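Asker: My request is simple: use the sequences and hints to build the entire structure.
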Amino acid sequence: MNKILEINHLNKLFGDFQAVKDLSFNVYEGDIYGFLGPNGAGKSTTLRMILGLIYPSSGEIMFLGKKISHDCRGYLSNLGALIERPDFYGNLSAYDNLRILAELSGLGNVSNRIDEVLEEVNLLSRKDSRVKTFSQGMKQRLGIAQAIMHNPKLVILDEPSNGLDPQGQSDMRSLIRRINKDRGITVLFSSHILSEVEEICNRMIIINNGTKIKEGNAANLMNEESLNVLVKATDKNLLVASLGAVNLNFTIVSDEVYVAIQEMEIPAMISKLVGRGVDILEVNQNRNLENYFLKMTSKSDV
Amino acid sequence: MFKILKIELFKILQRPRTYIGFGAIIFIVLAFEVSMYFQGKAIVSFILENLEKSFRMEGSIINANLVTYILLNSIMIHIPILICLVSGDLISGESSSGTIRLLLQRPFSRLQVFGAKVGAGFIYTVALMVLMGLFSYGLGSFLFGNGDLVVVKKGISVFNSNDLLWRFQLAFFTALLSMLVVTSLSIMISAFSNNSIVPIVGTIAIIIILNVLSVLGYSVFENILPFIFTTHFNKWQYLFEYEIRYSELYSSLIVQGIYIIIFLSIGAFHFKNKDILS
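Protein chains in written order, with the numbering used here: chain A, 41 to 342; chain B, 1031 to 1308.
Keep in mind the hints are simulated off the structure, nothing from the lab.
Each pair of labels, with its calculated beta carbon distance range:
no., chain 1, residue 1, chain 2, residue 2, range
1, B, I1239, A, R223, 50 to 58 Å
2, B, S1281, A, G55, 40 to 48 Å
3, B, S1244, A, G55, 37 to 45 Å
4, B, F1257, A, F54, 35 to 43 Å
5, A, G55, B, L1060, 47 to 55 Å
6, B, M1031, A, K107, 21 to 29 Å
7, B, L1200, A, G203, 54 to 62 Å
8, B, I1227, A, S97, 28 to 36 Å
9, B, H1300, A, K221, 42 to 50 Å
Partial selection, computed: residues in chain A whose CB lies under 8 Å from chain B:
no., residue
10, R88
11, L93
12, I94
13, D111
14, R113
15, G114
16, A121
17, I123
18, R125
19, F128
20, N131
21, L132
22, L141
23, S145
24, Q186
All of these numbers come straight from a predicted model, not from anything done at the bench. Ideal Cβ positions, reconstructed from N, Cα and C, are used throughout, including at glycine.
Answerer: Shown next, in the form of structure tokens:
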């Protein structure tokens, strides 16, 4: 697979505050690449640097094999983006908003293309309505429409499900999958909704405090998580002492004890702990990405 | 570049506040000329009372040229506010609404976007001035007809109606340059701000402060007054003197041109280099 986007040792300083620290990752053609991190992790700053909205302090961004220069903006004709809120000219219709953006993207035969994308995001019937009359969900869909209208190679979506109800979130996931599969557009996708990333992304990165914590295949990261088993007991101090005594590796995150152990070894661990007088309340092999994410970002905070 | 300029003009035309400026000018001109129509003779008689004792006045003093001249005097007060409503909002309005992100994600350089916004702001300013000139002269001709222009300023000057067209044309050009300084100043402040109120209030505040400095005439400011742009806002009046002070007029045009270049350069530099965080 070809690399479509390469981020190399990217840094961004706002005065004394370093928002992004030596961040590197690659997005490959065809990926739906998840970009995970808590609020203030540096996700939006990174995405804005890719789009030339924010200038990096140092580091390199390569798009389609060429280094991005912010004086030469031609690369943006192969990029589509929806960054944070979907802001449009509220006094203009959906059609006029898209027409302006299509013309700026250098599209010809704009009318047919606009109808096509509006149909794709299910807004064709509202094409002449002023955007200020749109709901949040409709604005998000219009945001996707403007991002894909010029058939870019890469679409960057910054928390596109923000403010949507569960049905809207589900529709958004379907739409993202569709533009990736049917149009062959690579998607770089940041979200707070971890289940969403888990469900649709094939590769992902977790960042916190501007630093990469983990990058890789989403399924592999989940397998790593399966080695960490949450154990709860009536007496946490006794549990911790017993785990040390039986030579099991463990970590304490947010007051919870995670034991690094293979699945097959769990029954033996329980026997040993019970033998040492530990009253076990729960043994939970959490396999979902949310726990993994919380653990990783908590660790990096420490 | 032309494509972005066309789009910027389209956006300006779609905004209700654009028409506030045009509406205000139509209202000001209408109100002034209609009141002159009904009460003008009494006002002019009051002003020229002393002169009428010394001179024999023939024909109608109140005519299209006089009302246009008087209205041109009002531009320094009213037009900057109307200009700022639109030009001050060109960049900061997009920053506060977030649409600046959409705009700068397209394959155009920031300087091209800035240039298009300046072009749109200038066209709007020219449109306001042209409307004011044509409407005040057109309505004046309809209500009062044409005639010689009497200017009372450090004495009395009378200009033959045949000698006025070129004077008005140059006066409007000179006044237009002053208004383009205002446009440039508001666009520069707009490039720094994410709030569309700041450029409007900021520009007007700067103009008022500098005007006050000019009017106070303290000797401490005397040396810098020629370099303050508001000092040059009434230099178009030189064109309604028998002996036009061309060298002073040219200096004034140059100073104002330099201000336009400085304001736009600062605005462009900041806009090109700033991080878009909104």
